[in-house]
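There are 2 protein chains.
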Amino acid sequence: MRLKIKDMDIATGGPLVAILNKNDALKFDLHHMDRIKIIKGKKVETVAVDIAESDKAVPQGSIGVFEEVINSLGLKNNDKIAIKLARKPLSIEYIKKKLDGFRLAKKEIDQIVWDIVHNKLSAIELTYFVAASYTNVMSIDETIMLTKAMARHGNILKLNRYPVIDKHCIGGIPGNRTTMVLVPIIAAAGFAMPKTSSRSITSPAGTADTMEVLADVTLSMNEMKKIVEKTNGCIVWGGSLNLAPADDKIISVERPLEIDAESQLLASIMAKKYSVSSTHILIDIPIGNGSKIKNRAEAFHLKKHFEEIGKRLRKHVKVIITDGRQPIGNGIGPALEARDVLWLLKRDAKRPLDLERKCLLMAAEIFKMVGIENGKKKALELLDSGKAYGKMLEIIKAQHGRLANPGEIRLGKFTHDAKSSRSGIVRGMDNKLISRIARVAGAPNNKGAGIYLYKHVGNKVKRNETLFTIYSESSEKLKYAKEILRQAECFKIK
Amino acid sequence: MRLKIKDMDIATGGPLVAILNKNDALKFDLHHMDRIKIIKGKKVETVAVDIAESDKAVPQGSIGVFEEVINSLGLKNNDKIAIKLARKPLSIEYIKKKLDGFRLAKKEIDQIVWDIVHNKLSAIELTYFVAASYTNVMSIDETIMLTKAMARHGNILKLNRYPVIDKHCIGGIPGNRTTMVLVPIIAAAGFAMPKTSSRSITSPAGTADTMEVLADVTLSMNEMKKIVEKTNGCIVWGGSLNLAPADDKIISVERPLEIDAESQLLASIMAKKYSVSSTHILIDIPIGNGSKIKNRAEAFHLKKHFEEIGKRLRKHVKVIITDGRQPIGNGIGPALEARDVLWLLKRDAKRPLDLERKCLLMAAEIFKMVGIENGKKKALELLDSGKAYGKMLEIIKAQHGRLANPGEIRLGKFTHDAKSSRSGIVRGMDNKLISRIARVAGAPNNKGAGIYLYKHVGNKVKRNETLFTIYSESSEKLKYAKEILRQAECFKIK
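Going down the list, the protein sequences come from chains A and B. Note that our numbering gives residue 494 to position 494 of the first sequence, counting from 1, and the numbers run on in steps of one. Note that our numbering gives residue 1129 to position 129 of the second sequence, counting from 1, and the numbers run on in steps of one.
Simulated from the structure, these hints should not be mistaken for lab results. Here the structure is a predicted model, which is why all the values come from computation and not from measurement. One thing to keep in mind: the hints can contain errors.
[Stated by the list, open to error] 20 angstroms max Cα-Cα, derived SDA-like pairs, lysine to any residue: (1) Lys56(A) with Lys1479(B); (2) Lys1479(B) with Leu85(A); (3) Lys22(A) with Gly1239(B); (4) Lys42(A) with Leu85(A); (5) Lys303(A) with Lys346(A).
[To be verified] Which chain A residues stay away from chain B? Per the calculated CB distances, all over 10 angstroms, these: (6) His31; (7) Gly64; (8) Ile156; (9) Arg296; (10) Lys311; (11) Lys387; (12) Tyr389; (13) Arg427; (14) Lys479.
We put the beta carbon where it would ideally sit given N, CA and C, even for glycine.
Given these sequences and hints, build the entire structure.
Now the structure itself:
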C-alpha cells in the first residue's frame, strides 16, 4: 500500500510515530500503537501507528510523520512511500514479563535498552517498563545488567590511564559545587578525572550550568579525551556526549509522577560512570529534608547497593553520607556558584568555608581510595600552593575558557536583600524554597540570577540583618521572586 | 503572559495538551507535562504542557493546541489567550500511592476517575494508574469503588422496571451471538432487557456490528429508554451512550501491552451493567485456547470475584463457565452471524444448533434468577411459537430496522471454499486464526465479509470436503485471506 507523506512539523522528542487516516487504518486493520514499516527506496523504518479521527489532520491516502521519522528516512512532504505490517518490538513482551513480577534475563534487558535508545517504544510502553521496575523492584543482578546495557548502547570514553577518578552526588542540595573544586585538586595531584556533569532540570544550577560561566561545556567525546590526556581533568556537560542515552528517555517518563525507581537511579548513575571508564568512584549521599534522600535508613540501603554494584562491575566504589539539611557554599545560581569556586581556589577571604571543608573531606576519601594517606593535608597543600587553581586555569583554557577571575563574573543587576524579621539563631533552612526563589529569579537560564547567602544554620542573626540577597537580570522576575519570599520563610530562626 | 493560538489540527484522542516554544517554556520555567491554565475571556481550561524544540512547529509567542482544547475553549487560530501556572491534577498523588502499594480510599478513586473522564491525565500518567492496579492488584473494596466511580462519572439509564435483565460474555469466541437470541426471548417473556453491546476491536464482529446489519445501533439514551419501555428490549451500541466513559480511556492504554488488569476487567463490565440499572446479570466465561480466559482455575477465580462484587453492589449475579474451544454458530462476521440469528429465531432448518443449545441454557439461567422454573422449556416455547421472532421484529422496527428476513442479507460476492487435506475427525479449531482470516477478508467493516463453517469439533470429514467458505467484498482481501489460510491450519483433523 502506497501513501503520500505529510510532514506534521512536530517532533515527538523520541518515539517514532506515524499518523494514518481513520479510514486507511480500518482498511489495513491497524490500531493505535500497532507497528508498521515505512519503506522509502532502500530505507526502512519501523514506527508506531497513531490514528487521525479527522481528514483535516491526515487525509485518506496520506501518512502524517513527525520529525524523527522525517529525519530517519530522509523524507520530504508529498513523497510517496509504501507501508507494511511489522511486529511489535520484542521488548514489549519482556516489559510485560517484568510487570508480571518475573526477573529479566540479560538478553531481555539488553533488548529493552536497545529499543529505548532507538526510539522503538512509545511513551506508554516505556512507562510500563518504568512502572514495572518500580513496583517489582529489580534485583542486583538485573540492575547490573541494566547498567551495562545502558552504557553499552551509547558512547564509551576509552582512556589509557589508571586509576580514572569519578564522583557523583545524589542531588537536591542548592550550591554544593564540589566537582569544580575536586577536579582541579585531583588533576593537580596527577590523576585522571574526566568529569561529566548534568545541567539543571529542577534546581537553580547543575555543575554544567555553573562551569559554563567560565568555559565551554558542550564538547565532543574526542575533544574531551584530548583535554583529559593533556590536563588530567575536565568538567563538561554529559548531555552532548551520548553517554547511556537510554537514561534520559527513562527519566522523561519518570518525571510526571516524580518517581525514582531505585534500580533506575543506581543504573543511571553507574552507567554514566561506566561510560567514562572510571575505576575509582566516590558517591556522596546528602540526607535531609529537601534533599533527594530523606533519612539515614534510606541512605544506608542505597550505600549498600552502590557498593555491591561497584564490586560486581569491578569498580572501586566508596559511598559517603553527608549533611544535606542546608545549602553548601554561599552562592546559588550559575554565576554566584562559579564565583564561590574561584574564590575558594584563589584562597580569597570571601571563599565559603563549608564548601571547602566538604571538598577536603571528599578529596581525602578519593586519595585514600588510590592509596594516599593524609589526603586532607595533601588536598589543602594543593589549594594553598595555588596548584589547584593553576590546574583549573589549564582546564578552563582547554575548554575554550571565557574567564577565570572572580572579579569578572557578572551578576544580575536587579537585587533584593531579604532581612530577618527577628533576632535569634538560624535553626534550619528550606532547601526547596531557596531553590525555587533562585529559579524564579531566573537561574539557571539567566546565569547571573540566584541567591547569595550571608547566614547558615547555627549563625546568630539580629533583627533586620540581611539573610541573603536575591539577584536577577530582570525587574519582573525579581518581583515574582519577592512575591514567593513574602509567602513563606526560607530561614527558621529561634 | 499572553500567547497567540496556533491550531495544530490534530486530535490527541483524549488528554488536553498545549505546546509551548522551547524559549517560552524556559521563560516560565515550565517542563514537559507541567500543567497550565489557558484563559480565554471567562473560560478556563487546565492542560498539560508539551515543549516544541523547533520554531517551525510552534514559534515563540505562540501556543499550539490540539482539537480537544480548541473545542473546550471555543478557540480560533490566532486568538490571544493568557496562561497561568496550575497545579497537577490531584489524582497524580493517588496514582503514585497505588504504585507504592497502598490501598486507595473512595474519594481518591473517585478523583482519579473524574480526572480520566475529563481528560486531565496524560497517557503516561494514566499508564501508571493501569500499571499500578495491575501489579498491586486492587482489593474487592477498591474494585467496587472503581466500578461505582466509573458508572457515576457517565450517563445512567433509569428504568421504572424490576427486574432489569442483563448479560455479558467475556469475549474471544468467534460467532457466539447469544445476545441477539436472548434479548427477544427474555423480552417476549415480559422482562426488561436494555442491552448495550460493543463493536469489535480485534474480533471479526461485536454484537453491535452484527445487529447493525438489521437495524440502527447508534441511538441516544433517551431513544433507547423509549424503545425498552415499548418493547422490553433493545440491542444498541454502548459506545454512543457515554456509559462509564473512563473505561474506554483505560482500555486505550492497556492495549499496547495487551494487559488486562483483573480489577479493571471486573470494574469495566460491572460499571456498564450498573449504568443501565440492571438488577439480574448473567455472566458467561467461556474457557479454552483462543478465548480470553485460558483455564478453569482462572475462570473460577473470576467467577468468585464477579459474584462477590455483585453481592456488594446488591445485584443478582450468576456466572456460568462454558466451552470456548471452538466458534459457536456457523457464521463469523456481521452479515453471516445476523443470518444465523434470524434462521434460529425463524426456526429455519439451517439454524445453528450449537448456538441454540447455548442460548437455551443461558435463557434458563436467567429465568431461574427471576424465579421461573423449567426455563429451558419456556425459552423453547417462545422460540417455537414465533413469539421471540415477533419480538425481534418489534425491536428491529423500533431501532429503525433495515431488514428482518435472512434471505435479504447480502454476503460478500467473492468466495473461497477451504477444503480438507485429509479424512478424519475434527479434533480442534483455532479460534484466533479463524478470526484473523475473517478480519483479513474484511470483517467487521465490510458487513458481508467473514467465514461460514460447515464443520465443528467432533464432526467427520472426508478428504477434499469443504470445511468452510470465506466471504469477502473485494477480490484483493480474499486473496490476502487465502494467503493466511495457506500458512496455517484452522482445523485439526485426525
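Structure-based check of each hint:
1. Lys56(A) with Lys1479(B): 32 angstroms, violated
2. Lys1479(B) with Leu85(A): 16 angstroms, holds
3. Lys22(A) with Gly1239(B): 17 angstroms, holds
4. Lys42(A) with Leu85(A): 17 angstroms, holds
5. Lys303(A) with Lys346(A): 34 angstroms, violated
6. His31: 7 angstroms, violated
7. Gly64: Label violated. Min Cβ-Cβ 8 angstroms, cutoff 10 angstroms.
8. Ile156: 27 angstroms, holds
9. Arg296: 20 angstroms, holds
10. Lys311: 29 angstroms, holds
11. Lys387: 39 angstroms, holds
12. Tyr389: 33 angstroms, holds
13. Arg427: 29 angstroms, holds
14. Lys479: 14 angstroms, holds
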